[in-house]
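K.L.:
Line by line, the protein sequences are chains G and W.
If you're matching positions, the first sequence starts at 0 in numbering that gives the first Met the number 0 and goes up one per residue.
If you're matching positions, the second sequence starts at 0 in numbering that gives the first Met the number 0 and goes up one per residue.
A few of these clues could be false.
Here are the computed distance ranges between Cβ atoms for each label pair [said to hold, decoys possible]: (1) G:I304 - W:L140: 49 to 55 Å; (2) W:P143 - G:L23: 35 to 41 Å; (3) W:L140 - G:S40: 52 to 58 Å; (4) G:V152 - W:A113: 37 to 43 Å; (5) W:T120 - G:G338: 55 to 61 Å; (6) G:G212 - W:G145: 55 to 61 Å.
To give a feel for the contact side, a few chain G residues facing chain W, derived at Cβ under 8 Å [said to hold, decoys possible]: (7) W133; (8) F243; (9) N245; (10) E254; (11) R256; (12) F259; (13) L260; (14) R263; (15) A266; (16) F270; (17) P372; (18) K373.
These aren't lab readings, by the way, just hints derived from the structure by calculation.
The beta-carbon is built from N, C-alpha and C at its ideal position, and this holds for glycine as well.
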Amino acid sequence: MERSIFARNPSVPIFIGVLTLLALGVTVMSEAYGTGAISVSFTKVLGMTLCLCLAALAMDLVWGYCGILSLGHFAFFGLGGYGIGMWLMTARTEDVVRANLMGGVIPPTEAEVSDATAAQIFSVVGATDWPWMWAASGSLVLSLLLVVLVPGVLALVFGWLAFRSRVTGVYLSILTQAMTLALSLYLFQNDTGLRGNNGLSGLQNIPGLDTVGQDRISIWFFWASAAALGLAYVGAVWLVSGKFGNIIRGIRDDEQRVRFLGYRVEAYKLFVFTLSGVICGIAGALYYPQAGIVNPDEIAPIASIYLAVWVAIGGRGRLYGAVIGAAAVSLLSTYFTGGRAPDIDLGIYTIEWVDWWPVLLGLGFVLVTLFAPKGLGGLVDYIVRKDRA
Amino acid sequence: MNSLLEVQGISVSFDGFRAINNLSFVIGCPEMRAVIGPNGAGKTTFMDIVTGKTRPDTGSVRWGETGRSLLALSEAEIAQVGVGRKFQRPTVFEDQSVWDNLRVSLKKPRGPIAALFDRVTEADRARIDEIAAEIGLSDHLDRPAGILSHGQKQWLEIGMLLAQDPRLLLVDEPAAGMTTEEREHTTALLKRLAQSHAVVVVEHDMEFVRRLECRVTVLHEGSVLAEGSLDHVMADERVIEVYLGR
Numbered sequence: 000m001e002r003s004i005f006a007r008n009p010s011v012p013i014f015i016g017v018l019t020l021l022a023l024g025v026t027v028m029s030e031a032y033g034t035g036a037i038s039v040s041f042t043k044v045l046g047m048t049l050c051l052c053l054a055a056l057a058m059d060l061v062w063g064y065c066g067i068l069s070l071g072h073f074a075f076f077g078l079g080g081y082g083i084g085m086w087l088m089t090a091r092t093e094d095v096v097r098a099n100l101m102g103g104v105i106p107p108t109e110a111e112v113s114d115a116t117a118a119q120i121f122s123v124v125g126a127t128d129w130p131w132m133w134a135a136s137g138s139l140v141l142s143l144l145l146v147v148l149v150p151g152v153l154a155l156v157f158g159w160l161a162f163r164s165r166v167t168g169v170y171l172s173i174l175t176q177a178m179t180l181a182l183s184l185y186l187f188q189n190d191t192g193l194r195g196n197n198g199l200s201g202l203q204n205i206p207g208l209d210t211v212g213q214d215r216i217s218i219w220f221f222w223a224s225a226a227a228l229g230l231a232y233v234g235a236v237w238l239v240s241g242k243f244g245n246i247i248r249g250i251r252d253d254e255q256r257v258r259f260l261g262y263r264v265e266a267y268k269l270f271v272f273t274l275s276g277v278i279c280g281i282a283g284a285l286y287y288p289q290a291g292i293v294n295p296d297e298i299a300p301i302a303s304i305y306l307a308v309w310v311a312i313g314g315r316g317r318l319y320g321a322v323i324g325a326a327a328v329s330l331l332s333t334y335f336t337g338g339r340a341p342d343i344d345l346g347i348y349t350i351e352w353v354d355w356w357p358v359l360l361g362l363g364f365v366l367v368t369l370f371a372p373k374g375l376g377g378l379v380d381y382i383v384r385k386d387r388a
Numbered sequence: 000m001n002s003l004l005e006v007q008g009i010s011v012s013f014d015g016f017r018a019i020n021n022l023s024f025v026i027g028c029p030e031m032r033a034v035i036g037p038n039g040a041g042k043t044t045f046m047d048i049v050t051g052k053t054r055p056d057t058g059s060v061r062w063g064e065t066g067r068s069l070l071a072l073s074e075a076e077i078a079q080v081g082v083g084r085k086f087q088r089p090t091v092f093e094d095q096s097v098w099d100n101l102r103v104s105l106k107k108p109r110g111p112i113a114a115l116f117d118r119v120t121e122a123d124r125a126r127i128d129e130i131a132a133e134i135g136l137s138d139h140l141d142r143p144a145g146i147l148s149h150g151q152k153q154w155l156e157i158g159m160l161l162a163q164d165p166r167l168l169l170v171d172e173p174a175a176g177m178t179t180e181e182r183e184h185t186t187a188l189l190k191r192l193a194q195s196h197a198v199v200v201v202e203h204d205m206e207f208v209r210r211l212e213c214r215v216t217v218l219h220e221g222s223v224l225a226e227g228s229l230d231h232v233m234a235d236e237r238v239i240e241v242y243l244g245r
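So here's chain G without its partners, still in its complex pose (with noise of 0.2 Å):
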């Protein structure tokens, strides 16, 4: 019955052959190595929603394998792109005004530069002063690690307290939706240290690489992000095809059963919790690099339903399923919000697909529910099973 995951899981062999073409595929129609078929802004749409998949995938472990209906995952999301984007943006800035000190007579010293670039960054809120949570933005490494540790630290301490009470069902998606909104509504402050509305900007520019091109950027973040998606998906297939998987399936099903087993359920909840916070902490930092600016807008409560609803509509429990539903429901809001879908002119009334983008999402959602209750991955199930009668 022990057989490698690939052999128990015919997904995972799919999904990375899958990625690969695409990854492959983008790349030989990119600007910077192919036809040019693909535009920069299209490689940076298709990258930015495989790190939405990759926020799916960690929405799927938590709600779909562990049944903690999380609606407050994008502030995990937008932490990450937060992190990255303190380090982005002070290098970026250093070099802009170390460039500009230099045609001076006298060399600018490291603490006029340091001054300088605060200024810079900080002048839109009114400020000149590095605030305390840039401390590590001076080194990469450290962001990196802040990338990790400040969604995972949230994670662990709010659900800590959330799961160490028995909170569960509705009164926890309400705390989760809580959390995002007082996170966001925190950020919005100018004081906050963290640009207030105005997020973090230029993001698109990464330090060192100035000669190189946005396509060619486009296509390496493309390519990190489909790595990210494939390694997270070998993970994450692991992680439920154990032992571990049965555990939290069980909690999903049957928690206080699991607890008569002898599992203590508030530590296995409190693992994929942390672990889907922190998954979500690298897709933002991956994704904002890509959408050029980070700002409090992006972890409004909305965000982090529309994750769900994502998960929903490509069905719960099969880890594809969210990946699919992401990438499908992502690429279409797109599509039509991006003013990309023509308008359609009745004479009387204009369909604006802006407007009737979330009408056409609930009815979507709605026809799911009816006719596919098992999401698109779902689909993808009853496809294969027939083939194999």
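Position chain W against the provided structure of chain G, taking the given hints into account.
P.N.:
Showing chain W alone in chain G's frame:
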């Protein structure tokens, strides 16, 4: 015979209703004990208290040779010290295969990290096969537990209890939904277990209790009404009154 579980003077109320009223109960190891009583006598609440699901308002629950209090422990910790429970309504993980259900129950380290790196050893495999043979589910190991019949789910839950290898087994209505043959098998299994474990069986079916040939504790309105052999308690005026009405 030493006492394994000592329950002293526990009481618990839910919204003013006294579910358990100054109840005391002692069981040794090995020993088999049947607990009977009309609906609402507090049988299930009693099990809830022993397993940590419900906290009593007063009284003490002591465990093992050292007399350690179970009241300070969580459900999971109580299960870890060796209290296993089979529920009245069979509760198995319906989404998962019979084999997986047994695997998660096997007595092994219970922490998340241990579970992540858990490998199925030859001993585990042999133990699962042995239990499956005992509960008559050898041919169903790969099937999801959800599609089993009610009786088979009962068996699976008994199997999960065996896999846990507890010292004290709390068994709530094990024979419900079983055929006559299955009942006999269950009786034989419980009797065999009682040679090396403490077994508490809650049951409505008097015939089943008679076949267990053990001491009987009669609960009524949250307290012990009578205790002794089945014939002894059935001859008790108060028991007759409770069971047959006045």
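K.L.:
Hint by hint, say whether it matches the structure.
P.N.:
Cross-check of the supplied hints:
Taken as a hint, the range 49 to 55 Å is violated for the pair G:I304 and W:L140, whose Cβ atoms sit roughly 41 Å apart. Our hint of 35 to 41 Å for W:P143 and G:L23 holds, since their Cβ atoms are close to 39 Å apart. About 54 Å separates the C-beta atoms of W:L140 and G:S40, a value consistent with the hinted range of 52 to 58 Å. For G:V152 and W:A113, the hinted distance range of 37 to 43 Å is not satisfied, since their beta carbons lie about 24 Å from each other.
Checking the proposed 55 to 61 Å range against W:T120 and G:G338 shows it holds: the Cβ atoms sit about 60 Å from each other. Range check, G:G212 to W:G145: Cβ separation about 56 Å, and the 55 to 61 Å hint holds. Interface restraint check: G:W133 against chain W, minimum CB-CB distance 35 Å, threshold 8 Å, status violated. Here the hint on G:F243 is kept, as its CB sits about 4 Å from the closest CB of chain W, short of 8 Å.
Interface hint status for G:N245: upheld, as the beta-carbon distance to the closest one in chain W is roughly 5 Å, under 8 Å. For G:E254, the suggested interface contact is broken, since its CB lies about 10 Å from the closest CB of chain W, more than 8 Å. Look at G:R256: its Cβ gets to within about 5 Å of chain W, closer than 8 Å, so that hint holds up. At its closest, the beta carbon of G:F259 sits 5 Å from a beta carbon of chain W; the interface hint therefore holds under the 8 Å criterion.
Below 8 Å, beta-carbon pairs count as interface contacts, and G:L260 has one with chain W at about 6 Å; its hint therefore holds. Against a cut-off of 8 Å between C-beta atoms, the interface hint on G:R263 holds, since the closest Cβ of chain W lies about 5 Å away. A distance limit of 8 Å between C-beta atoms decides the matter here; for G:A266 the minimum to chain W is near 5 Å, and the interface restraint holds. Below 8 Å, beta-carbon pairs count as interface contacts, and G:F270 has one with chain W at about 5 Å; its hint therefore holds.
The interface hint given for G:P372 is violated, since its Cβ lies 15 Å from the closest Cβ of chain W, which is over the 8 Å cut-off. Checking G:K373 against chain W by beta carbon gives a least distance of about 12 Å; that is not within 8 Å, so the hint is violated.
The structure does not agree with the numbered hints 1, 4, 7, 10, 17, 18 stated previously, though it agrees with the rest.
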